[in-house]
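Generate coordinates for the entire structure from the input sequences, incorporating the hints supplied.
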Amino acid sequence: MDYTLLANAKDVIVALFYLVSAILFVLGIKNLSKPKTAPRGNMLGAAGMLVAFLTALVDFGVVVDPASETITTQFQYWYILLAAIILGSFIGVYSAIKVKMTGMPQMVAIFNGFGGAASFLVAGVFYSFEIAVGNTLGVPLLIATFLSGLIGAVTFTGSFIAYAKLQGLKIIPDKPLVFKGDLAFKGLLLVVLLVLGGLMIVNSTMPIYYWLVVLGGFILGVFLVIGIGGADMPVVISLLNSYSGIAAAATGFVLGNTVLIIAGSLVGASGIILTLIMCKAMNRSLLNVFFGGFGGSKSTEQTDDIYEGKVTSTNADEVAMILETAQRVAIVPGYGMAVARAATAVRQLTDQLEKANIEVIFGIHPVAGRMPGHMNVLLAEENIAYEKLLDLETINPTFDKTDIVIVIGANDVVNPVAREANSPISGMPILDVDKARSVVVIKRSLSPGFAGIPNPLFAKDNTLMLFGDGKQAVEDIIKAYKEL
Amino acid sequence: MTLIYLITIFAMTVFLGFELITKVPATLHTPLMSGSNAISGITIVGAVGVLLTQLTYGEVGIFPFILAAIALLFATINVVGGFVVSHRMLDKFRGKK
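Just so you know, the protein sequences line up as chains A and V, in that order. Here the first sequence is numbered in the working numbering, starting from 1 and rising by one per residue. Here the second sequence is numbered in the working numbering, starting from 1001 and rising by one per residue.
Where hints are given, some of them may not hold.
With a straight-line Cα cutoff of 25 Å, these simulated PhoX-like cross-link-like pairs (lysine-lysine) come out [what the hints assert, rightly or not]:
hint	chain 1	residue 1	chain 2	residue 2
1	V	K1023	A	K460
2	A	K280	V	K1023
3	A	K471	V	K1092
4	A	K36	A	K100
5	A	K388	A	K100
6	A	K388	A	K471
7	A	K355	A	K471
8	A	K98	V	K1023
9	A	K30	A	K388
10	A	K355	V	K1092
11	A	K310	A	K388
12	A	K355	A	K388
13	A	K435	A	K401
14	A	K98	A	K30
15	V	K1092	A	K388
16	A	K280	A	K435
17	A	K435	A	K388
18	A	K471	A	K98
19	A	K435	A	K310
20	A	K355	A	K100
21	V	K1092	A	K34
22	A	K34	V	K1023
23	A	K30	A	K280
24	A	K100	A	K34
25	A	K98	V	K1092
26	V	K1092	V	K1023
27	A	K36	V	K1023
28	A	K36	A	K388
29	A	K30	V	K1023
30	A	K401	A	K355
31	V	K1092	A	K36
32	V	K1023	A	K388
33	A	K388	A	K280
Simulated from the structure, these hints should not be mistaken for laboratory data.
Listed below in structure tokens is the structure:
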């Protein structure tokens, strides 16, 4: 038998199967772009992963050596492999099934963190191996290893801090935690990391520098995310998602593996796009998100001027009465609706209104919820058809033809101040609910949203405030509506 | 030579990624994100690699071996959890009519 030929054949077959899995990933993401084909898209992605995994078993497990004319397998530690796969699958499936839809952002964050960790571990172990057998790594490979370690480590701790914030763990405040010299500290840390990277390249046989980079990345990840407020979480989650992809791609460069590069850069690109969409939806730059300290509590001085004597309070009976005369009702939900567990009540109200031939639509702001598209998932869980969920550009021109807008648990995204200059949210795209004939705002109090500013919408003539718990308020409206 | 070939793949894929993702509507951003998150667990291939090639490198000690096993565990959680959670979400989108 010609072992050289056999070795080449194995390499070609392995490469072809990696290509198949890369194509499956691309098709998967393509199919994810339409609600109808999205489940298939997810399946294609999973199939791609299975192909990649099986190919990796052959790639690394079967060694054809033309020099000694032998074929050896390297499955001696198969039980460790199996144990890791079974345990990992169990943990993955268990947490994926257990998680509530409101908790989706922190779930994605934590999975993301694991992905980042896997990347810096793989790159680090590979690097140690190469040094152990006396191979010297070239500068490009060392740079890739450095990036994999740094980005993977930042993703790991950053994701866990994001998880803690989203989960509301007491150890980490939801409010941005900014201390004196915070910026200088992050800057210094970055310089230290770059120096370590330089040392790593100069002393290419000392893996200790790599692990110091990882350690520095851990610290950087913590401080990058800890200073960010709850309202900016959609941006952070998107960005961390992108990082985990970039870390995987960097690991691909370290190993010289194409499927890692392709899958990693697809995810990296996807995360960056979502990050930019989120930034645009808040009219803020990425730099501003990381260094701006948005969501701090200042500028509440003229609150009284805005609200004094102008806020009209209402009750469920009155809301039910005006709903009865309506032909078109728009509901604008914010994350507050999810917090109040009011989604089911909102769906019941929708059903009631639709029974009376009243058109009901939903206006979803891009940053409603805690991750991109989060509100859509929460409403989909209540069987509200996605055709009724309109995005900002679609619903805004229709508000002047809308009789009643019900705003529930949203604040900053309907604040008309955004259309004026000199406010923290100036220029942020908002839902123009004030153009509707009347607006009902369901809210606990007049307290400000994440931006920490008063909302003149609440004081407008055509705005009625229904104070109370979101779920209770909607249930009261349904009850009053049925009794009419 | 190999490096430039890998960089070419990287650059082309980034462009392809931008093209694909900009077409995804806001409604599907969350499942897209958890699905792509699962795909970023592709490091599972690398984890399998470093775990299986232990012997090629001879005695490298127990420490890298444990790290490789942990990498595989983490990557598996990322992959399996990510796809299952996306599936659950997409089921809810499909559920009505």
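Each hint tested on the structure:
Of the supplied pair hints, the one linking K1023/V and K460/A is violated, its CA atoms being roughly 38 Å apart against a limit of 25 Å. With a C-alpha separation of about 17 Å, the suggested pairing of K280/A with K1023/V holds against the 25 Å cut-off. Between K471/A and K1092/V, the direct Cα distance comes to roughly 22 Å. Compliance with the 25 Å bound is thereby established for this hinted pair. With a C-alpha separation of about 23 Å, the suggested pair K36/A and K100/A falls inside the 25 Å cut-off, and the hint holds.
Of the pairs offered as hints, the one joining K388/A and K100/A holds, with about 23 Å between alpha carbons and a cut-off of 25 Å not exceeded. Distance restraint check for K388/A and K471/A: the Cα-Cα separation of roughly 21 Å lies within the 25 Å cut-off, and the hinted pair is therefore satisfied. For the given pair, K355/A sits about 21 Å from K471/A by alpha-carbon distance, which is consistent with the 25 Å threshold. Using a Cα cut-off of 25 Å, the hinted pair K98/A and K1023/V is violated, with the two alpha carbons roughly 31 Å apart.
Distance restraint check for K30/A and K388/A: the Cα-Cα separation of roughly 23 Å lies within the 25 Å cut-off, and the hinted pair is therefore satisfied. Of the pairs offered as hints, the one joining K355/A and K1092/V holds, with about 23 Å between alpha carbons and a cut-off of 25 Å not exceeded. Between K310/A and K388/A the alpha-carbon distance is near 33 Å, which puts this suggested pair outside the 25 Å criterion. For a cut-off of 25 Å, the pair hint linking K355/A to K388/A stands: about 15 Å separates their Cα positions.
Note on K435/A and K401/A: the hinted pairing holds, with a Cα-Cα distance of about 9 Å set against a maximum of 25 Å. Using a Cα cut-off of 25 Å, the hinted pair K98/A and K30/A is violated, with the two alpha carbons roughly 28 Å apart. At roughly 15 Å between alpha-carbon atoms, K1092/V and K388/A fall within 25 Å of each other, so this suggested pair holds. Annotation: proposed proximity of K280/A to K435/A holds, straight-line Cα distance about 23 Å (limit 25 Å).
Only pairs whose Cα atoms come within 25 Å are accepted, and K435/A paired with K388/A is accepted, the gap being roughly 20 Å. Pair hint K471/A plus K98/A holds up; C-alpha atoms about 23 Å apart against a cutoff of 25 Å. Between the alpha carbons of K435/A and K310/A the distance comes to roughly 18 Å, so the proposed pair stays at or under 25 Å and holds. At roughly 30 Å between alpha-carbon atoms, K355/A and K100/A are farther apart than 25 Å, so this suggested pair is violated.
Between K1092/V and K34/A the alpha-carbon distance is near 14 Å, which keeps this suggested pair within the 25 Å criterion. Distance restraint check for K34/A and K1023/V: the Cα-Cα separation of roughly 9 Å lies within the 25 Å cut-off, and the hinted pair is therefore satisfied. Only pairs whose Cα atoms come within 25 Å are accepted, and K30/A paired with K280/A is accepted, the gap being roughly 23 Å. Distance restraint check for K100/A and K34/A: the Cα-Cα separation of roughly 24 Å lies within the 25 Å cut-off, and the hinted pair is therefore satisfied.
For a cut-off of 25 Å, the pair hint linking K98/A to K1092/V stands: about 15 Å separates their Cα positions. Straight-line distance between C-alpha atoms of K1092/V and K1023/V comes to about 21 Å, which keeps the hinted pair within the 25 Å bound. Of the supplied pair hints, the one linking K36/A and K1023/V holds, its CA atoms being roughly 14 Å apart against a limit of 25 Å. With a C-alpha separation of about 15 Å, the suggested pairing of K36/A with K388/A holds against the 25 Å cut-off.
Restraint check: the Cα-Cα separation between K30/A and K1023/V comes to about 8 Å, which is no more than 25 Å; the hinted pair holds. Proximity of K401/A to K355/A is assessed by CA-CA distance (about 20 Å); at most 25 Å being required, the pair is judged to hold. With a C-alpha separation of about 12 Å, the suggested pairing of K1092/V with K36/A holds against the 25 Å cut-off. Among the hinted pairs, K1023/V with K388/A is consistent with the structure: their alpha-carbon atoms are about 19 Å apart, no more than 25 Å.
Note on K388/A and K280/A: the hinted pairing holds, with a Cα-Cα distance of about 23 Å set against a maximum of 25 Å.
In summary, the structure is inconsistent with hints 1, 8, 11, 14, 20 from the numbered list given earlier, while agreeing with the others.
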